[in-house]
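Enquirer: Here's the letter readout for the chains.
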Amino acid sequence: MATLAASPRESWIYWEWVGDHLAEIRASLVEHVILTVLTVVIGLAISIPLAVLVRRWRPAYAPVLWTTGAMYSIPSLALFGILIPITGLSRTTALIPLVAYTLLILVRNIVTGLNAVPEEVRDAARGMGYTGAVEFVRVDVPLALPAIFAGIRIATVSTIALITVTAVIGQDSLGRLILDGLQRDFRTPLVVGLLLTVLLAIAAELFLLGLQWLLTPWMHRKARTA
Amino acid sequence: MHKGQERASVSFLGDVWEWFTASEQWHGTFGIPNRTIEHIQLSILSILAAFALAVPLGVTLGHFRRGGSIAIITANLGRALPSFGVLVLMIQVLGIGAGPTFVALVLLAIPPMLTNSYVGLAQVDDDLRDAARGMGMTQWQMLWRVELPVGSPLVMAGIRTATVTVVATASLAALVAWGGLGRFVVDGIAQGDEAQTFGGAILIALLAILAEIALAGIERLVVPRPLRVGASVRRIAADAEPV
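In order, the protein sequences belong to chains A and B.
Under our numbering, the residue at position 163 of the first sequence is numbered 163, and the numbers go up by one with no gaps.
Each position in the second sequence, counted from 1, maps to that position plus 1000 in our numbering.
Calculated from the structure, these hints are not laboratory results.
Glycine included, C-beta positions come from ideal geometry on N, C-alpha and C.
Treat the hints loosely; a few may be bogus.
Chain A residues, not near chain B, derived (Cβ > 12 Å throughout) [to be verified]: (1) Ile46; (2) Arg56; (3) Gly69; (4) Pro85; (5) Glu120; (6) Arg126; (7) Met128; (8) Leu143; (9) Pro146; (10) Ser158; (11) Val168; (12) Leu174.
Not the full set, but computed from the structure, chain A residues with beta-carbon under 10 Å of chain B [as the list claims (entries may be wrong)]: (13) Tyr72; (14) Arg187; (15) Leu215; (16) Met219.
Here chain A stands alone, though its shape is the one from the complex:
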């Protein structure tokens, strides 16, 4: 057994193991994607109202940044440890810190993007009859989209990397493969988990850049001479 295992254990990638465990690897990848999407969507659902509130009522901006910044500097292992007695070894325990970490980046970028909308543009919009929520959705938000997307990209990529830690609290993700590699002193799952995490981050970045490109046609449309 020891001599048989020596070669697969020492090689960095043992394709036979990969072939035998494709279903398991796919399940971990899918769970990783689900956790990422849940985190970013919940993060946005919290940050958008927060950003709107903070713009309505400026004095709230500093405390909001301060609080989200403080959460940001607390290690995920500590947040997991604090939550375990309350929410157990569950997906909720994984999600709360993940979402908390996205808030600083998202709120900051949404507010910065909205604040950068030129006052003349708002004036022009009002002159054309846009008011209130309609003006916000049709004028302010589209113009802030590049900054908002920059925030979503940073939040998504860091979330994808961070999710690997949730393996410690028993959550399935690509991190489970890394932990598996560690616990069994077997390099193949480690390499597969690590590579897929980085590839997933790159894929997410490209997907979001593509989505941004589609949503902001005026950024790359050739000026028409009519």
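Here the structure of chain A is known, so what remains is to put chain B in place on it, guided by the hints.
Expert: Positioned in the frame of chain A, the structure of chain B alone reads:
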């Protein structure tokens, strides 16, 4: 040993209190003082080593305005790399113990420091640099008296981001058979001992907050007053990643 089934919150807080006050918690290799010292020592050493490698390089590149793409690629790669994976990878490459953990922490601390030092220096206004030259400053004088002070908020932002990463990743090092405060959380989870998990988590959080306060103090010493910005704004640095 307390078991996880004691769920009632009053008795849970009692367990945590008992965990903190047990006398064996305060002596020897497995005690809180030793674990805290391990954690702090390894973190400081890693940050200093990464500082020595990354900041001079970033500052030089920024001064000469070269290698901007290197800085950006480093930042993006640093954000996409899972620190947990890097840690386990180092164990596989170098073996178990403090050494590989140290290497992993240094590697993870380099990207934010490199990128922010580069951006901090490269961002210095050209007019300011022209004025410095016009006053007859040499390259060195310009670097020390103009560029470094003006770039210092971002250089410090990079150090802060790196410190958050290092303190957090050092707690994960308990998974790779190293000590530090992560030991309590990891062992607590493995043993279903929620008091220990919770107690260790509180200690890690406290250490992270103390590190922030210490860095804020250093920042006050290093960054010229007019350039200091609000606590949370400074983090906007070119990058930031939770661990």
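Enquirer: Sort out which numbered hints this structure fails and list those numbers smallest first.
Expert: 3, 4, 10, 11, 12, 15, 16
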